[in-house]
Amino acid sequence: MNKIRPKADAVIVGLGWCGSLMAEELSRAGLNVVAIERGAWREAATDFPPSVDTDELRWDTRRSMLMPPAVEALTFRNTSSERALPIRDWSCFEFGYNVGGAGTHWAGMAWRFTPFDFQPATMTKARYGQQQLVDGLIVQDWGVTYADLEPYYDRFEKIAGISGIAGNLDGKLVEGGNPYEGPRKNDYPLPPLKTTRLTDIFEKGAKSLGLKPFMVPAAQTSGAYTNPLGVKMGPCTYCGYCLYYGCGNWSKGSPNACVIPALMTRDNFSVITNATVIKANLADDGKTATGVTYVDKDGQQWEQPAGIVVFSAFQAQNVRLLLLSKIGQPYDHAKKEGVVGRAYCFQTVSGASIFFEDEQLNQYMGAGALSQQVDDYNGDNFDHKGLGFIGGAGILVVSRGSRPIGNTDFLPPGTPRWGSDWKKAYTHAFQNGTVVFGQGTSYAHQDAYLDLDPTYKDQYGLPLMRMTFDFNENDRRSANFIEQRSVEIAKAMGAKTVVPTNSARGKFTPYDFASDHTIGGAVMGEDPKTSVLNRYQQSWDVHNVFVSGASSFPNNAGYNPTATIGALTLWTARAIIEQYLKQPGPLVKS
Amino acid sequence: MVALAAATVSTSAVTQAEVISKELPWEPGAANAPQPARKSGLLYLTPAEALVLGAIADRLIPADELSIGGKDAGCVEFIDRQLDGSYGKAISLYRLGPFYQGTDAQGPQLQHTPAERYRLGLAALAGYTHKQHGKPFDALDAATQDKILVAMETNTLALGPVDGKALFELVLQNVREGFLSDPLYGGNKGMASWKMLGFPGARYDFRDHMDKKGQKLVFMPTSMVDNSL
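Line by line, the protein sequences are chains A and B. The opening position of the first sequence corresponds to residue 1 in my numbering, with each subsequent residue numbered one higher. The opening position of the second sequence corresponds to residue 1 in my numbering, with each subsequent residue numbered one higher.
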């Protein structure tokens, strides 16, 4: 028998960036909001002081802040003809598992996607024609444009305290910024982070090739800052403990630092921690949700009734929750019909490992998003005629803090992996080795999808999410192109040894940690036949269910997803407050 | 069933529903400080296993002009404590069946925990050295030890049911962890590896050094807890 909690106006499943931003908007609008988070309470200053945070073995090697596969794994196979098996060990799918979600341990690269990334179907057709698309590729517009999202990107940047330099202010190009970005109304709230020896070498090398390098927008504060919610942030100290770590300095933009302190002052917000939502409950007619069911520490099931249900868990978890709740038609790969689990994609990463002769890069100093990048080969910023693919990558170097255990195999080819020769080579490489890499676009394909696994279960006996994925021909062609461009930059940087790398050269494996940006499966769009959500991330089928996260993206851009996730959440929250609350129902006619 | 029980225990330990509202749920002094590895004798390894691991650690990370060797750096104590703890018990990993051999892309489908793999693997290695040389690994000369390690690394050593390459990779990873992690965990004695690399350790503020680009910086490294066992 389920226990039943008092009804909330809105229940939020997963308190990461999406959940906390949604809760902030809805509770400020007066709604009674209950968030349910699977992990524990985490708070910036208490849980991540320097005496706890600076621990590579705990946070990076042992992944102590991520959701353990024991709690919920995915199963994986490259093609539908294989038997999917559980991803038993830590993999590149890095689910958050605490209040703050993946936003607590992220690196902090805070990108806006380009206008092209939101309208790849329309823009590709107009510029190149349909023949530019390889067989089976799924390319569709999002239903929301860059111009729609611009004010919400701006809001996210101000909440998270982003450091950067505008490249395009209202159509006017600004020296030092990214000339390819969509037009912005405002500059970043903080100037860029300090540069490093590595970013200087990259900048010089890239410029010698006629490219246009710029500092990556970073969720590390280049100075003291107070965000619009009144939360004070301290200047980043460049300790380099960002990716996989918390930040006890109040210097990394995270839900814990930037949003939750404000939320906790409000009477109409509460969070239930260490509780796992297993489904949304539907009304008898299946047209609305009545709330969610969750399980507490003792295995006791509870119902949290609510007028609005927001799924804001990690990408694959959002898709799984929809399937477990029977919301939307599941994708049938054989028939190529259905939408939930369809349009899944990932990210290509290719470039080069490079080793200098005698540098002092001092890469232990840095910040998660302290980087220089060129966007000359990203999105549709260059002419793809005759190239046989769409998309590309941002090509960058990162000064995010080298750590001793994680770097051990980062060595020039032919170096022994142990013994005195390894010690000597590793000591040299620790100062002289680094990477130039392209973080690429990825487009979905009809043969890549998510569904419920027929064999493997979680602790509650519910089926795990099954992933069927390999890189498609468009991915491979763009990754090859980017690999070549990265090698050119690496050589222009004066590296002694340049070793090309390409995650899309062979079969995809979840144990390649080049990227963790897993995308799609419950995508937004213009047509209910090819999307799960309308342009407001509202379920086409159950109108009081909204889904927020990278699961909504029909394609991946050559960037990190977080700022776009944040902007989309704020866009959706505005639609709920300004439209849905006044007239509950579908916000777009299907 | 064993695997199911393990998974259930592991998750219930981190599942405690709490309702938090209107206040920050912390008290002064309640920060989650790390627990240094216990100072004591071996907690998991047998004395014979510890001797073999010490010998392996000294071949993987030999004493030379750059640092002390892996054994003196505490790699055996480090591994012992790790195997006795949540890592050795594979608390975090998905361990429910059925188990099938997968493709390379699907990754390891191991039924055994790291602690069990060490026990089985070191027993197989002991069987091999006794049969071939009449001695345990730690009693062999360095050249013979290296030959065996190379054979394991290149997957050419027959260790019966034990995958010699996988065992080598496990031990190499853990020895490196012991050498390179914070001394808090029982290894990296005197921060030997950090001094070798020029890694400043648990330092948290480089604002004064960011502008010294391309310069050789000499930091006395800092550890979270000085815990040489």
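Since the hints were derived computationally from the structure, they do not count as laboratory data. Hints may contain errors.
[Unchecked claim] Quick list of the computed label-pair ranges, beta carbon to beta carbon:
(1) B/E169 to A/D284: 24 to 34 Å
(2) A/S51 to B/D64: 24 to 34 Å
(3) A/R266 to B/P161: 32 to 42 Å
(4) A/S81 to B/E169: 27 to 37 Å
(5) B/A158 to A/T530: 27 to 37 Å
[Stated by the list, open to error] Straight-line alpha carbon distances no greater than 25 Å define the calculated SDA-like cross-link-like pairs of lysine to any residue that follow:
(6) B/K213 to A/E357
(7) B/K89 to A/L282
(8) B/K147 to B/Q173
(9) A/K507 to B/T154
(10) B/K165 to A/N407
(11) A/K424 to B/K147
(12) A/K3 to A/E357
Think of the CB as a built atom: it goes at the ideal place given N, C-alpha and C, for glycine as much as any other residue.
To see whether the hints hold, each was checked on the structure:
Restraint check, B/E169 to A/D284: a C-beta distance of roughly 55 Å breaks the suggested window 24 to 34 Å. For A/S51 paired with B/D64, a C-beta distance near 33 Å keeps the hint of 24 to 34 Å intact. A hinted range of 32 to 42 Å for the beta carbons of A/R266 and B/P161 is inconsistent with their spacing of about 60 Å. The supplied range of 27 to 37 Å is met by A/S81 and B/E169, whose beta-carbon atoms lie about 29 Å from each other.
The hinted window of 27 to 37 Å between B/A158 and A/T530 is violated, with their beta carbons roughly 55 Å apart. Restraint check for B/K213 and A/E357: the C-alpha separation of about 16 Å stays at or below 25 Å, so the hint holds. Proximity of B/K89 to A/L282 is assessed by CA-CA distance (about 40 Å); at most 25 Å being required, the pair is judged violated. Distance hint between B/K147 and B/Q173 is fulfilled; the C-alpha atoms sit about 19 Å from each other, no more than 25 Å.
Pair hint A/K507 plus B/T154 holds up; C-alpha atoms about 23 Å apart against a cutoff of 25 Å. Distance hint between B/K165 and A/N407 is fulfilled; the C-alpha atoms sit about 21 Å from each other, no more than 25 Å. Our distance criterion of 25 Å between C-alpha atoms is met by A/K424 and B/K147, whose separation comes to about 21 Å. A threshold of 25 Å between alpha carbons decides the hint, and for A/K3 with A/E357 the separation of about 66 Å lies outside it, so the pair is violated.
Violated hints for the displayed structure, listed by number in ascending order: 1, 3, 5, 7 and 12.
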